[in-house]
Amino acid sequence: MTALAEEPAVRRTSRKALLELRQLAVEYGSGARGVRAVDGVDLEIREGEVVGLAGESGCGKTTVANAVLQILRPPARIVGGSVLYQGEDLVGKKPEELRRFRWRNVSMVFQSAMNALNPVMRVGDQFVDAMRAHERIDRRRALARAGELLELVGIDRRRVRAYPHELSGGMRQRVIIAMALSLNPDLVILDEPTTALDVVVQREILQQVEALRRDFGFAVLFITHDLSLLLEFADRIAIMYAGELVETAPAERLGTNPRHPYTQRLLQSFPPLSGPLERLSGIPGSPPDLSDPPSGCRFHPRCPHCGPERPELYGRQTTERPVLREVEPGHRVACHLVEEEEEVA
Amino acid sequence: MSALEVRELSKHFSIGGALRRSHVHAVEDVSFALRPGTITALVGESGSGKTTVARLLARLYDPSSGAVLFEGSDVSHVRRRRDVLHYRSQVQIIFQDPFGSLNPVKTIRHHVERPLRIHHIVPSAQVEERAHELLRTVGLVPPEEIAAKYPHELSGGQRQRVAIARALAVEPKIVLADEPTSMLDVSIRIGILNLMVKLKEERGIAFLYVTHDLASARYVADEILVMYAGQIVERGPVEQVLAEPLHPYTRLLLAAVPDPAKRDAERIGTRKGVASAAVDPPEGCRFVSRCPLAIDVCSHVTPPLVEARPAQAARCHVTAPAPSTR
Chain A
1 MTALAEEPAV RRTSRKALLE LRQLAVEYGS GARGVRAVDG VDLEIREGEV VGLAGESGCG
61 KTTVANAVLQ ILRPPARIVG GSVLYQGEDL VGKKPEELRR FRWRNVSMVF QSAMNALNPV
121 MRVGDQFVDA MRAHERIDRR RALARAGELL ELVGIDRRRV RAYPHELSGG MRQRVIIAMA
181 LSLNPDLVIL DEPTTALDVV VQREILQQVE ALRRDFGFAV LFITHDLSLL LEFADRIAIM
241 YAGELVETAP AERLGTNPRH PYTQRLLQSF PPLSGPLERL SGIPGSPPDL SDPPSGCRFH
301 PRCPHCGPER PELYGRQTTE RPVLREVEPG HRVACHLVEE EEEVA
Chain B
346 MSALEVRELS KHFSIGGALR RSHVHAVEDV SFALRPGTIT ALVGESGSGK TTVARLLARL
406 YDPSSGAVLF EGSDVSHVRR RRDVLHYRSQ VQIIFQDPFG SLNPVKTIRH HVERPLRIHH
466 IVPSAQVEER AHELLRTVGL VPPEEIAAKY PHELSGGQRQ RVAIARALAV EPKIVLADEP
526 TSMLDVSIRI GILNLMVKLK EERGIAFLYV THDLASARYV ADEILVMYAG QIVERGPVEQ
586 VLAEPLHPYT RLLLAAVPDP AKRDAERIGT RKGVASAAVD PPEGCRFVSR CPLAIDVCSH
646 VTPPLVEARP AQAARCHVTA PAPSTR
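Which chain is which? The protein sequence lines are A and B, in order.
Residue numbering for the first sequence follows my numbering, beginning at 1 and increasing consecutively.
Residue numbering for the second sequence follows my numbering, beginning at 346 and increasing consecutively.
Heads up, none of these hints are tricks.
Sample of chain B residues facing chain A (criterion: CB under 10 Å; computed from the structure): (1) 390; (2) 391; (3) 533; (4) 602.
Per the computed footprint, the stretches of chain A lying under chain B, defined by three or more beta-carbons under 8 Å from a beta-carbon of chain B, are: (5) 186 to 200; (6) 222 to 230; (7) 268 to 279.
If you want the ones that stay clear, here's a sample from chain A, every Cβ over 12 Å from chain B, calculated: (8) 25; (9) 47; (10) 85.
None of these hints come from the bench; they were simulated from the model.
We treat Cβ as the ideally placed atom computed from N, Cα and C, and that holds for glycine.
Only chain B is shown next, with the shape it has when bound in the complex (with noise of 0.2 Å):
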């Protein structure tokens, strides 16, 4: 049983003037799932597509075509507030910068009761109780002190963790994480992971976990989504996708990260080239520029996302061959 589910999904955003149109596919046939109480990592590069993903998933974003759905209803183009308010209750989000996005002048406690009230969750008498709830939840403590405090007294990990309180405060069943570690320093980070996970076992969220770390989403993440140029190129169980990546550009990544065991070890082969949104992109793989496995067939056929492996799926003419062509 999914959470939320994702079906074909695509966006395409349109630039240039009236007479130059021309599309850049931010999101192309992205199909996925998330499941109740299970970390669901899509990783790739800036650029990739990544964040639009978790914006069309947060209804900030209409999709371009695909479906979103949500207990069994499809919720990418619902308008009416009510039906806006409901999915809004249950589907949160968490942006990456934590200094943005609370308001500088309201308190802690403004921030994780607004919610509460708004979507009538406790009634009025029981919201000071549950707001020191949620603060003690993500490891705030003491919330009196801490709901007193503007947000320009705490640190970034400290506000990070009141964002994760208010995304809370609904009780979502879904939450979406853009890049929620990313501009916190090191030693906070795995603070916010472990957070994460304790949610998701405690809690049975299904979250989104959205990042360009690899490593923390072997840590928390149970699946993982590679995105490359607005497609979805590798999906599979975490530590076995890492273990053994059929894509290219999986493993391309992979050995990019930086890995002290790896000290004056060979590069591996690839050719330059820069992951971006594609714009009007042909038929083909959008890999294949940079792929050193390419095929005559990658540069006309757009790879479908095969299981070649149980549960490993992969968009590619090589390592993951359509059963037709095998």
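Isolated chain A (complex conformation) (with noise of 0.2 Å):
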């Protein structure tokens, strides 16, 4: 790799820890019927940074996000771990400090953020509502801001006046994201902000999020099953599995060299534009029920490389849970087979 290609990705991860998760755990029901959606994620979050949070659905991905802004809705909960911010503990808030961390701090565009509009209320008073919740501003000002906020997104300043059915699909997710920075926040959570939009219309969106993000110095957690959206977008990319992280990287280095063998099969999923074209596989079987997760490592049933032929491996792999281990700067794996192959290096 060149020291061109990584300078970049250097700056950004130096920088100050915005957020922090520390064995997150969060469980849906109770006792035996408990359903442990996210399990022991550790997770970081700089200034500034793009991280993206990849895996299929299911996986506990969105999970993490409604936890960061601390919006799980019964029967779902933190049972551990803590969710730092600045180096202070979300878990335990008042709803009213929430409340105001909330937007302010962090804002999060939804799935299918651009059906969350009200259709009987015109775009720029959606605005206005959304900073008077939290900031002393009069309507007037609020409109202006508005008004430059959409110039932002590139819709035209007097849409303001528009209904959300007057826009297109496009047209109100950006409104969505526009809306998501007006009030400043340090991070933006983006929970599949493009998946129902067009390829053509995903990449104006994502690069002017980008653009947005150079001016503003906002971080992102960019969560979406699109990991190819990812490798091009994102500073860093953590894999979640079942309910866990089981690999994070800097996303050349994940892209060039992935080495949990889920990460690695998760690539060969996605057939190449150009180059040659080979027969791929996939990954067989599914994804496991969360109610009742596979023993020791959660990909073994489907992992290629776990198999009884090699009995002192075969063991760990199905009785013993991989912890994350860094292999690299920057670069942590939970996977045993890696764990073997770096002992043996």
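Join these two chains into a complex; the hints should help.
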């Protein structure tokens, strides 16, 4: 890897930690029927950094985002660990404190947020409402700011007078992103922000987010199932499988040298647009039922490197839970096989 | 020899009231052929009309004009139950949503056996055996166990396989697959795509694969049709079209696909705009407002589909000029 390609990521990752998740655990339900949707997740987001969180549906990635904002709805609840924002734990804070924290410090764009706008209210008024809920600002100034924000995301400022149905899906999504930026947050969580959109519109929106991020310096937690998107837009990527983080690494490194068998297979699930075309195999089986997760490594029933040919390793794979270990600076993997390889090397 | 041929097919939907009626030209002047043992990909943005094409071919809509030729005769307006049944036994459709396309209160056995009985594919004594065989073909094993389950007991990928098994039950010559993988997890998609390739090779089925994912189109398809605002703007062998696209819209689509190798690369020059089915479109190229190559003629003459390279055709005055204007 060239020093040039590495530079921006290094610069950003040397900054101060903004958000730290430590051994975060979230459960739905309780007792024997409880499902641990997020289990012991450690994740750090530094100021101005774009962190991608990827995984298949049901792996717990949206639950992580909801836990950060403390908007989990019962029966979901945090059962362990902490969510540190600038060193302060958000778990157990009073509702009023959290209300002030949300939106001002951390804002979120939800999945299919374009349907989140109130259909009978002008776009501008919805901005005003959002801003005035958090800030003392008069209506006129709030509307003017709404216009500026719309312009930032590439929409004519006169559209503050539009109703949501007068805007296309892509434009509505941009409106929501503009709204998420209205109080100048330090962290914006994007949960599948472009999944419902076309590739062309998707690219336009992500390029705009990237440009805004450069100007305003906010950090982004980008949640998606589309790993190929993250390889292009994120500084660092965390891969989640069945409620656990299995690998984290700088984006370039994850793309060129993935170590966890799940990450490897996931990357091989995207057919290439150019170059030689090989028959791909995807990943056999399907993600586990979290009410009864596999013992040991949760990926072991689908893992191509797990078999009784190597009894000693097999024993650990099927009974012992692997933990994230650093294999390179900034590159951490939770896998018994990788651990063994590293010991040999 | 084509399995199914589409000639100058159009579908207009009317919108608005009696006084302000206008027409959405969802599909306009679309012609192509599906050949046995090949997969033809139909790609485009949402709203480009690709699903409407699949539904027209499945006889779920009546076309406004044009013809669908099957076994040498136009089937676009057949009405007699016997004729419709015959057509449906040869042309099957698989929908995008495997959660909505199966009846939640019926077992998998019911779904796969029903077409076998309705179309009298095998004597009733052999229905069960054939159903198991079909489930095995689509990789659902052990079939006895799967057959007894209900849709909610299966994963999305398994459900989509049931939908495919059901489509195969009638031994169709043509399968229309409308975004069959877009609601499935990434790791499951490849399995469905591989299954399509296997069925094309082993059974000589002609597939129409409707998708917005260019990379998967390249992975499975032989031919590609690119749709924009209801028209086919480019067609040709998939490798050739993706390696050297003629139409500026195909280029735009290609450039928009996430590609790790493209990190921090320059964005390509296009103007903003959205592709939506054209409402009462004026004469002229429908891509003109977004096109970086547009010239004068583009805004008032609709470009025809011109074969500018062997087997590769595009609707573009600039990159595929008609012989007369060349």
